[in-house]
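Knowing the structure of chain C, use the given hints to seat chain P on it.
Chains as they are written, first to last, in my numbering: chain C, 1 to 248; chain P, 1 to 268.
There may be inaccurate statements among the hints.
[Said to hold, decoys possible] Ranges between beta-carbon positions, derived for each pair:
#1 P:E27 / C:L234: 44 to 50 Å
#2 P:K214 / C:I23: 52 to 58 Å
#3 P:K181 / C:P92: 22 to 28 Å
#4 P:E154 / C:S18: 42 to 48 Å
Think of the hints as simulated: they come from the structure by calculation, not from any bench.
If you're wondering where the values come from, they're calculated on a predicted model, not measured in any experiment.
Cβ atoms here follow ideal geometry from the backbone N, Cα and C, with glycine treated the same way.
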Amino acid sequence: MEIIYALWLRQVRRYTRSSSRLIGTLGQPLLLLLALGYGIGAIYRKAGEGDYLAFLVPGIIAQTVLLSGIFWGLIILQDKRFGFLSELLVTPVSRIKILLGSALGGSTISIIQGILIFIISMALGFRPYDWILVLPALLILIVMSISLTSLGAGIASMVNDFQGFQGINNLLITPLFFLSSALYPLNNVPKPLAIISSCNPISYMVDAMRFFLSNTTHFGIQKDLIVITITMVLTITFAVDRFNKIEM
Amino acid sequence: MSKTIIKADKLVKKFGDFVAVNEISFEVKQGEIFAFLGPNGAGKSTTIKMLTTMLHPTSGILEMAGHDVTTERDSARKTFGIVFQDPSLDEELSAFENMDLHGVLYSIPKKTRYKRIEELLKLVELWDRKDTMIKTFSGGMRRRLEIARGLLHEPKILFLDEPTLGLDTQTRNLMWEYVRKLSNEKGMTIFFTTHYLEEAEDIAQKIAIIDNGKIIARGTTKELCKETKTETLEEAYLKLTGKTTRDESSADNNGLNFKTAMRNRNLR
Numbered sequence: 001m002e003i004i005y006a007l008w009l010r011q012v013r014r015y016t017r018s019s020s021r022l023i024g025t026l027g028q029p030l031l032l033l034l035a036l037g038y039g040i041g042a043i044y045r046k047a048g049e050g051d052y053l054a055f056l057v058p059g060i061i062a063q064t065v066l067l068s069g070i071f072w073g074l075i076i077l078q079d080k081r082f083g084f085l086s087e088l089l090v091t092p093v094s095r096i097k098i099l100l101g102s103a104l105g106g107s108t109i110s111i112i113q114g115i116l117i118f119i120i121s122m123a124l125g126f127r128p129y130d131w132i133l134v135l136p137a138l139l140i141l142i143v144m145s146i147s148l149t150s151l152g153a154g155i156a157s158m159v160n161d162f163q164g165f166q167g168i169n170n171l172l173i174t175p176l177f178f179l180s181s182a183l184y185p186l187n188n189v190p191k192p193l194a195i196i197s198s199c200n201p202i203s204y205m206v207d208a209m210r211f212f213l214s215n216t217t218h219f220g221i222q223k224d225l226i227v228i229t230i231t232m233v234l235t236i237t238f239a240v241d242r243f244n245k246i247e248m
Numbered sequence: 001m002s003k004t005i006i007k008a009d010k011l012v013k014k015f016g017d018f019v020a021v022n023e024i025s026f027e028v029k030q031g032e033i034f035a036f037l038g039p040n041g042a043g044k045s046t047t048i049k050m051l052t053t054m055l056h057p058t059s060g061i062l063e064m065a066g067h068d069v070t071t072e073r074d075s076a077r078k079t080f081g082i083v084f085q086d087p088s089l090d091e092e093l094s095a096f097e098n099m100d101l102h103g104v105l106y107s108i109p110k111k112t113r114y115k116r117i118e119e120l121l122k123l124v125e126l127w128d129r130k131d132t133m134i135k136t137f138s139g140g141m142r143r144r145l146e147i148a149r150g151l152l153h154e155p156k157i158l159f160l161d162e163p164t165l166g167l168d169t170q171t172r173n174l175m176w177e178y179v180r181k182l183s184n185e186k187g188m189t190i191f192f193t194t195h196y197l198e199e200a201e202d203i204a205q206k207i208a209i210i211d212n213g214k215i216i217a218r219g220t221t222k223e224l225c226k227e228t229k230t231e232t233l234e235e236a237y238l239k240l241t242g243k244t245t246r247d248e249s250s251a252d253n254n255g256l257n258f259k260t261a262m263r264n265r266n267l268r
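Chain C extracted, bound-state conformation:
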């Protein structure tokens, strides 16, 4: 336990000491929140769809966690490139424990970021539908953080250079976010887009968040929870498998 705590603490310490990392991962969601929340919100209301901010905030929280999780993967890559991982891997601690401690640290960071975005959106006028339901929303946030941090860790274990990581970032993260239900309702979009978005696990994470925070859902909460759980199992398996295969 002490070992996992120490590895967790390492990640959290690094996070709290680097303000650029904080701004780096919060900047983009904040920008979207402002530009879309205020900019498109007015049109959205005119179109008779209601409060766009209430619709958007769960999506932006998901984006924050997605970015933060992948960003955190960079730390594993950094450890790999700059030698610290060698130090970790020759200690008498199993790889699973190393991954677990570090990934829990990464998830904690994502959760804090998600909560920060939630607080900021409150300042912008967002109100949760029911305060009691913020608790299950927090649970979704935690599960989402664990999944997406695992995804980041798995990817980072596979690639060996920062350019490669950047490429994956562009090829995977951007579509995962834009081709999900984070920004627009899936009711009226063209069929191909709706199909793609329905295959994207991020859509279900956003949808579950939306269910608890804004009382709307597209897929239904049961389906959301099933997909989220499967995604978590798959991403953790992926991370463990890839991390075990790292060769120094």
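Then chain P, alone, in the frame of chain C:
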């Protein structure tokens, strides 16, 4: 000076069909200072990686203080400390935090841990900088801290992989003086690699030279010189390994660095 602490028997490591280490056997006695020399790409790093459990041998037996590195990996890991060729500190943690994390990973109880960290940091003259972030440390300071860290769990064997690379003469002398002391006073076994042959000649009690994955000579400096009819270790070394330069490439890899070649092969 009689107990064997590192034992390698017909050790082989293959990457695909490339044989990096080809049936090498050697023994290191407890308390010995052992130098492992060879040109770039000869199999030195691969051997060290197998010794330190970072790579699995393809075949052969490898024992550290009586523990087989493949079947009793964690016990084997507790027996050695290592200073890597490349820096391996967490830049964004302080010197003390780096030491402390290492101590936790080796399950050293808190009280003992703090006491030893203080002793070791004083020894390498970094105690007054213990709360400074590593980012601001010079190369020499980092190396000293890495040595202190490698000793924290009181290993029986200390691996030093090109430890003096890029260090100034003062730090280098200080480091070797300290290494000698460890070996004399604590009976610690030292296994090191270097490209500075004067260092090996000065410090090592036993030397093994590896080339093309095979150990081509072993013994004391005197024995090696006698065998090759030369005056210094450097001359002996050059006579044994030839005067041409190598890099980690060969004709079969189209002249590519070995790691790159392997990666390309995997991609194909």
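Going through the hints against the structure:
{"no.": "1", "hint": "P:E27 / C:L234: 44 to 50 Å", "verdict": "48 Å, holds"}
{"no.": "2", "hint": "P:K214 / C:I23: 52 to 58 Å", "verdict": "55 Å, holds"}
{"no.": "3", "hint": "P:K181 / C:P92: 22 to 28 Å", "verdict": "27 Å, holds"}
{"no.": "4", "hint": "P:E154 / C:S18: 42 to 48 Å", "verdict": "34 Å, violated"}
The structure does not agree with numbered hint 4 stated previously, though it agrees with all others.
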